[in-house]
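Asks: Okay, here's what each chain looks like letter by letter:
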Amino acid sequence: MDILFEILIYGSIHSISLALIALGFALVYGTSRVPNFAHGALYIINGFIVWSFLRVWGLNYFLSVVFAIIVTGLIGALIYQFFLIRVRGMAISEIIASYAIGLAILEGFRWGGFKGMTYTLPTFIQGTIFVAGVPVDLHRIIVLVSGLALVGFLWLFTHYTRIGLALRGMAQDERAALMLGIDSDRMAVVAMVFGAMLAGLASVLLLPLGNIVVETGYNVLILAIAVCIVGGLGSWVGAVLAAFIIGFAQIFTEVFLGTHFKVVVALLAIIITLILRPSGLFGQQKELEERV
Amino acid sequence: MNATHAQRRRERLDRGLKVRSEGIYALMSWRELVYLTLPRLILIAGLLILPFLMPTAYWQRVISIVCIYALLALSFDFLAHFVGLVSLGGAFFIGTGGYLTAILNTSFGLPPLLTIPIATVFGAVICTLLLLPCLPLRGVYFAIVTLMYPLLLMRVIEALDILGGTDGIVGIDSFANRWIEQYFIICMVLLFLFGMRRVVNQDLGLVLRAVKDNDQAVRASGISITYYKTIAVFISSAMGCLAGAYLVHLYMWAGLSTFALDFSILPIAATVIGGAGTLVGPVLGAFILVPISELLREFGTLRIVFYAIILLAFIVFRSEGIMVYGQRKYHQFEKWTKV
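So the sequence lines, in the order shown, correspond to chains A and B.
Note that my numbering numbers the first sequence so that position 45 is 45, with each residue one more than the last.
Note that my numbering numbers the second sequence so that position 210 is 210, with each residue one more than the last.
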């Protein structure tokens, strides 16, 4: 009975973490059709900025988190405005360009000696509580709550604010949105800023549970892609649902097969989904656009 | 704008020499003959004498590695710009060819003379079979699937601890001597380069390019696109597996690093820099990029940053590449004309 509760609790926490990681990627792809392969790099950059505000400049934790997320958003805007906007619409160039940016950032950090156990962020609240007899530390509870809150907030944001509605309009039909006076280039920048900030938020919530290492950046990218592909590229509901599917599948394999297979599950999910149903569970693309 | 200030624009015209040498009359004059053959001769002769110009054995080794990347870049360019399948999985081909060679050599005791051709053909068959379900995918989707394959194989080998696990397979034979080692791969690059240039101008190449431009039209003509895509993937993965098989004999070791991202990214960078869709360009790009990255080896991972930035700059600001630019200058001249 205990193991069941453990799987249930840690599975939901892990799923929410995956959703947090993937939402930024899904937002950018859904709005501007740019697969942002620099997502993992933005995640790590944000962690590094929080760390340097906190440890080097000695700011208080809350302020450094807020500043870091703003700076990450700006970095996202710069990346989009200077590089990605020029290759927009050319799917392959978008992938290669954004991947090159991510690679440059991550390997740059690695070169700067950014590895090992030295770079950690403190948890928000110390302590452990018992949920149905399973010990869970408070930080993970915060991740769970804020993840759920964020999903709710995003839903409200995209349904009831002007910018949110414009983003959704662009995601549904860019030409129609243009005719209704939505500046698609500006909205794409806005989407990228939000995407980068979501990556930042995810890193702030999740990085205290481990060390800030470069490999995390690559893993985050793989997980984000896995969730978005299984859920259907561009579908936010699909992304949340897929996060739960992959999250529980990963926890199951971790418990019954071993930690090594965790990433294998994500990779297999990507490949199987793409082969069987490239538009994913909730993709809105026409079948012909993605396969012959 | 007043009338006295004439507006001008640049006009680009083919050189007379080029037009003349296109016909059979090229055979009648030395100038036209030289115009046609000189670039090819420079390339062939340059590649063949390159090993003699290298100061140390280390740099000769670098030439071999350059050739491996050149083969990969060639396979990427062929698949991406003549078939329209963008494969980000160069490492997948290298890894399959490499591990197959390693098994053939260590478990069955076959010499390099046999392992390399067998690994090339059977590795290509394996890669093609694994990629077969993904062939109907387009654009981004195919790219993502091929990017994931090497990562998956790497994790599976790591997790199941098969094929030597994280240690890899050691004790693989090397080549008889370093001149065979060197010239084998150089000849292969030349062979595949000129072979592929032939292939893309045959009927096969024509159909493949049609698949790239409008697959529905090809389908409507009663041609099976899956069949042609399979052939293209087989050719392309054969090049990758050959490079992998050679690499394993060169290092006398096959390990997880044959699935490393380097083999997927560097060929793409070489293609973008050299000129996409020219087939010569990617080879040229590899000869520029790999030595630079080798010079930067002491800076560690900074070299990856470096070539990521070059790749970014070229793809965003100068996406035509060196070779397309060079061909334009060679075949055409520009002049200002009044509008």
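Don't take each hint at face value.
Claimed, not checked - Chain B stretches covered by chain A per the calculated footprint, using a threshold of three residues with CB under 8 Å from any CB of chain A:
#	segment
1	67-78
2	132-140
3	146-159
4	237-246
Said to hold, decoys possible - Chain A is nowhere near these chain B residues, computed Cβ spacing over 10 Å in every case:
#	residue
5	Gly-109
6	Ile-118
7	Ile-180
8	Tyr-183
9	Phe-184
10	Cys-187
11	Leu-204
12	Phe-234
Derived from the structure by calculation, the hints contain no laboratory data.
The beta carbon of each residue, even a glycine, is placed where N, CA and C say it ideally should be.
Asks: Give a verdict on every hint.
Replies: Each hint, compared with the structure:
1. 67-78: Three-residue rule not met by the segment 67-78 of chain B, so violated; n is 0.
2. 132-140: holds (count 7)
3. 146-159: Our answer is that it holds, as 8 residues pass the Cβ test (under 8 Å) against chain A, meeting three.
4. 237-246: Coverage by chain A is violated for the segment 237-246 of chain B (0 residues, Cβ < 8 Å).
5. Gly-109: 32 Å, holds
6. Ile-118: Holds, since 27 Å exceeds 10 Å.
7. Ile-180: Given that every Cβ of chain A is farther than 10 Å from that of Ile-180 of chain B, nearest at about 35 Å, it holds.
8. Tyr-183: 33 Å, holds
9. Phe-184: 31 Å, holds
10. Cys-187: 31 Å, holds
11. Leu-204: Holds: least Cβ distance 19 Å, greater than 10 Å.
12. Phe-234: The assertion about Phe-234 of chain B holds, with a minimum of 18 Å to chain A.
Hints 1, 4, counting from the list given before, are not met by this structure.
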